[in-house]
Every structure is written in C-alpha cells, then in structure tokens.
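*Asks:* Residue numbers (this note's numbering), protein chains in the order written: chain A, 1 to 252; chain B, 1001 to 1360.
Worth flagging that the hints you see were computed from the coordinates, not collected in a lab.
Here the structure is a predicted model, which means the values were calculated and not measured.
Among the hints, a few may not be true.
Only pairs whose alpha carbons sit at most 20 angstroms apart, straight line, appear in this in silico EDC-like list of lysine to aspartate or glutamate [said to hold, decoys possible]: (1) A:K249 / A:E239; (2) A:K53 / B:E1246; (3) B:K1243 / A:E140; (4) B:K1358 / A:E239; (5) A:K148 / B:D1353; (6) A:K196 / A:E11; (7) A:K148 / B:E1242; (8) A:K196 / A:D211; (9) A:K231 / A:D92; (10) B:K1243 / A:E175; (11) A:K53 / B:D1353; (12) A:K124 / A:E140; (13) B:K1358 / A:D97; (14) B:K1061 / B:D1195; (15) B:K1243 / A:D92; (16) A:K53 / A:E175; (17) B:K1243 / A:D97.
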Amino acid sequence: MTSVDATPVLELQGIGKEFGAIRALHGVDMQVLPGEVVGLMGDNGAGKSTLVKIIAGNFRPSHGEIRFAGDAVHFSRPVDARAVGIEVVYQDLALADNLTAAANVFLGRELKRKFGPLALLDHKAMAARALELFGELRSETRPDDLVKQMSGGQRQAVAIARTRLSNARLVMMDEPTAAISVRQVEQVLGLIHRLKEQGVAVMLISHRMPDVFAVCDRVIVMRRGEKRADKPIHETSPEEVTALITGAKEAA
Amino acid sequence: MAMPLESPITFSNVGKIRWWQRGIFASQTGYVLLALAVLLVVMHFASPYFFTEGNMQNVAKNFSFIAIATLGVTFVIITGGIDLSVGSMMCFSAMITSMVMTEVSTPGGLGASLFVHMAADGKTVLANVPGLILLVSIVAGLGVALIAGLVNGFCIAVLGLSPFVTTLGMLSILRGLGYVVSNGRGSFPGGPDADYFYAATSGDVLGVPVPFIYLVVLALTMAVVLHHTAFGRHVFALGGNEKAAELTGIPVVRVKIEVYVICALAAGLQGIIISGWLGSAPANMATSYELNVIAAAVIGGANLAGGIGGPLGAIVGCVLLEVIRNGLVLAQVSSYWQQTLVGVIIILAVLVDRVRSKMI
C-alpha cells in the first residue's frame, strides 16, 4: 500500500440506493487510496454491482456523497465518470464483435488526422498504440484481427487495454477472471500489479477467493446492501471472508 | 502514462489470419460478386445481345435506379435497423420536386414572380435565372425527405419505437400524403427548367448514364465515410453491440438519427432521378420498391442483424438483380418468374453465408 495519509482517490460517504420499495444499498462508507487494490466481495444480490454502477455513473445514489480525489462529484452518465478518470471493465466486456481489436480499444475516442476540413481516422497510429498496449498486457493479440475471432483472454486484454488509453486513476474490474484460462488469469493479475505500480487504484469485483487474496491490499465484504467488513488482506483469511459473505459471521 | 514495453510480443500461439480468411474474401459480398461474374459469362454465351453497348447502358441505368436508395438503406441496416419507407419516400420527394417546379414556373403561381416572367409574346415563359428553379425544386424535394428522415430517427432513437413499426407507419403516411397533395393524379415537371431537369436525371455524359455517375460518386463517398471516419466506425459499433457503443460514450441517439436522415435523403434523391426518367411522378410510383432495395442490400451481404455491410455489397446486389431481370427478358422467359427467382436468390445468398461461416 502507498502512504496512508495520501488523499483517497475515491471516497464514499453514506451511499444508499433504493429502487422503489427495494433497498439495494444502505449507508456505505469506503475509501480507496491511489495505488491500492481493493477487493469487493459479496454474494449475488449483496449490492456490489449496484455500488459499482453508482461509482461508474450508471445510477445516481439516493443518499450520500461521492468524492473523487477530494472533490464532490455527481455523475449523470458513464461518460461523466470516465471524464474524471474512472474506467470500468465490464463483465460482458462491452466489445463490438464486428470490429477489430484496435477499433474496439479506441471506440468513442478515435485518433484522427486532419485532411483540410476532413478528419479521417488514423488507422496506423491506432494500430501501433493498441499493439503497444497489448505488449504491456503480454497478450498475443493482433490489432487488426476481428474481436469475433478471439479467445476469451484476448477479449479481456482488449477491454483492459481500453482503460489504459486515458489517464485513469481508478479502474474497476467486474469479474475479470471469471471466464478465462489459468494462464490468462495470471496475466490479468499481473496487469493489476502493473496498474498498482503506476499509482492507479484498482477495485476488483470477484467471486474467486484466490485471485482476491493474490492481488488485493484490502478486502471489502458486502451483504444485504451493507458493508460488513473492510480489512487489510493480511488481517483476514479466506475462511473469515467466506463466513462474512454467507452471513455465518455478521460483521468484522 | 505509457508503461515501458518489458518484452516485445511474440505470437507463438496465435496464428495470423490468412488473406483469404479476412476482408472481402471472407464476406458474402465477395462470393456474390463471384456469382455475378459467373452469371455475366453465362449471359455472354447465352445471348449475343447481352454485352452490346445499348444493353449495357440499359443495365447500368436500371440498376442505378434502385442503387442509390440501397446505399442509404445499407447505412440503416448496418446499425441493425430497417427502413421500410424508402419506396414512399422516393414517390413523395419526386412529387414535391415536380409540383414545386411547376408551381413556381407558372406565372401567377405561388412565388412564381421571383422565378419567371412572360416573354414579349405573352405566351413563352422565361426563367429569371436559369437553373434556379431546378435548384429550388430539388431542395424542396430533398427537404421533405429530410423532415421525414428526422421524424423516423426521432421516433426510433429518442422515443425508442421499433424501426420496423416506425418506418412501416412512415411508408403509409408518405404514400397517403402523396395522394393528398396530388389528388391522386401525380405531377409532371414543367416550366423553363424542365429540360435541365431531364438532363440532370436521365441524360448521358459521354455515353455514361448520369444516374450511374451519381451512384459511383456517392458509393465512393460512402466507402470513405464508413471506413475512414469516426461516424462510420460508430455506425458499425452500433450494429455490433449497441450497449457497448453506449458505454464507450458514442452519441448513440445522434448517430441513429443521422443514419435515418441519410437513408431518407438517398431515397428522395433516387425518387427525383426516377421521375426524370419516367417524365412524371405518378402517385403510385415506386410502390413496393422498399422490398427491392432491402433485397438488394441483403443479397449484397448487409446483415439485417446489424454490423455488416458496405457500398460495394449494395451495388453488387443491385447489379445482380438487374442482370437477372435483363437476362430473363433476353432469354424470353416470362417476366412473372422474375420475383420468384429474386426470392430464391435472397435465401440462397444468406444460406451460403451461413454454411461458409460454419466451415471456417
């Protein structure tokens, strides 16, 4: 972990969310420091995806305040969250199958070259930058191949490479290791380490206990819409986290 | 904050996609083009009249009459939408163009004093500025197409109505309006600029039909827009995965409205060109042309599920339909067979694509 007195990159205070009569989240406080990897765990319906969607700007919270790098922020669309430096790798990866890897990496922020009044796509520059990013991820992915023809790990690399384009300060990954091979899990975890070295904060939403214990500095456990635990990883154990997730242990 | 490259990538496990497995060679457009080439050769041996200059001009002209609208509808199909209103749009645009032209060319007509005056003999009507009437009437015709396209786009992108239902409604609305404004009689381009109008829509330049020249220019423009601009990339992304397009910050609503407007304008232009060839814009003009246009796009490889398509495919589809029609006429087969054969070809083209994508 980096120095403890640094300004938290993300700070939530009393976040709550209601969908009609259903209370999905209640009184969630948390902080994420720069260069910190936080695991967010909880069973289905515990409120983790609602929390992620609030931070990513998909939903507005019913209560509470979000502070990003010290300033209060209000997101009405995902684009707003991206503008301040929050990137999300979605579970379904949000890729367009019919486009190439490079096109997907640059989707929505294409590089262009001016030809008089025309702004045409700069295919070469985008392919070169995408290849560089895939190199950093150690993924054997060709920028000009269609995503349709790629393996699960390659798709993951494309989705993660997208977050590396901007100066993201917080990357949230929703189940990045759920559907890929053992070797590719190693690669994704290696990438999380590299993000951390760069001072990027990472929130890892995962069901896979070994992955969380391998890369996270801290683990937060959600149950029934509330935060039940927030502990440095070396002060807890997979057994305790499992008990917290299932409710065998109420809080820690 | 680029991270240093720790080791260059080596592609030890990931083979390179071969040239014949990518791009046009692996697309429906590719082998429909091949089928077309074969068909041309067969036609050459089947009929000595097929490759004559006159017949080729005829074929070029005829397929240009639906190909421009097909380019437009291909944009919509790539985004995963559909536009059924192109046939009615052709008729309504053409009708408005010729009505405006006649109205402003008739002394005493609405606004006519701005555009025409009587010659000294009191019978001949002269244009104040040659070509201005033509320009104004074409702008009027394309203007109504623009409005109809905006309404389609607004209903689909903003109100979230299904493209099928919205444009089915627009098909009926525009056809109805066409009957209303013309009283069911249709209209004729008239006045001092009518000759310019015929020259601009059904004339020849060095033996090449004018509509064909428009088609080539528009198709090349479309190829550049689709593959070399951010807008084109967003059109493909929308058809590939609309949710992803939204999440990555693509202005989905704007892109959708734009494709329906492009489609409407293409159909409007197509209608105006057809009316020049017909010499009038009857109220039942281009009835059910939307089916020919969509069939041509689909035969040429545009995927109704979205994400795939292009100008070459649109044109190849139109040429194939026209060559078959022309071939059946030359072979003295009853023209009633034509539609049946078109249906068979639609299914065959899509079937072959399905088989191919399973083999690779």
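*Asks:* Now look at each hint and say whether the structure bears it out.
*Replies:* Hints and how they fare:
no. : hint              : verdict
1   : A:K249 / A:E239   : 10 angstroms, holds
2   : A:K53 / B:E1246   : 14 angstroms, holds
3   : B:K1243 / A:E140  : 26 angstroms, violated
4   : B:K1358 / A:E239  : 47 angstroms, violated
5   : A:K148 / B:D1353  : 16 angstroms, holds
6   : A:K196 / A:E11    : 18 angstroms, holds
7   : A:K148 / B:E1242  : 15 angstroms, holds
8   : A:K196 / A:D211   : 15 angstroms, holds
9   : A:K231 / A:D92    : 29 angstroms, violated
10  : B:K1243 / A:E175  : 18 angstroms, holds
11  : A:K53 / B:D1353   : 39 angstroms, violated
12  : A:K124 / A:E140   : 19 angstroms, holds
13  : B:K1358 / A:D97   : 17 angstroms, holds
14  : B:K1061 / B:D1195 : 19 angstroms, holds
15  : B:K1243 / A:D92   : 10 angstroms, holds
16  : A:K53 / A:E175    : 14 angstroms, holds
17  : B:K1243 / A:D97   : 12 angstroms, holds
The structure fails to meet hints 3, 4, 9, 11 from the earlier list, while all remaining hints are met.
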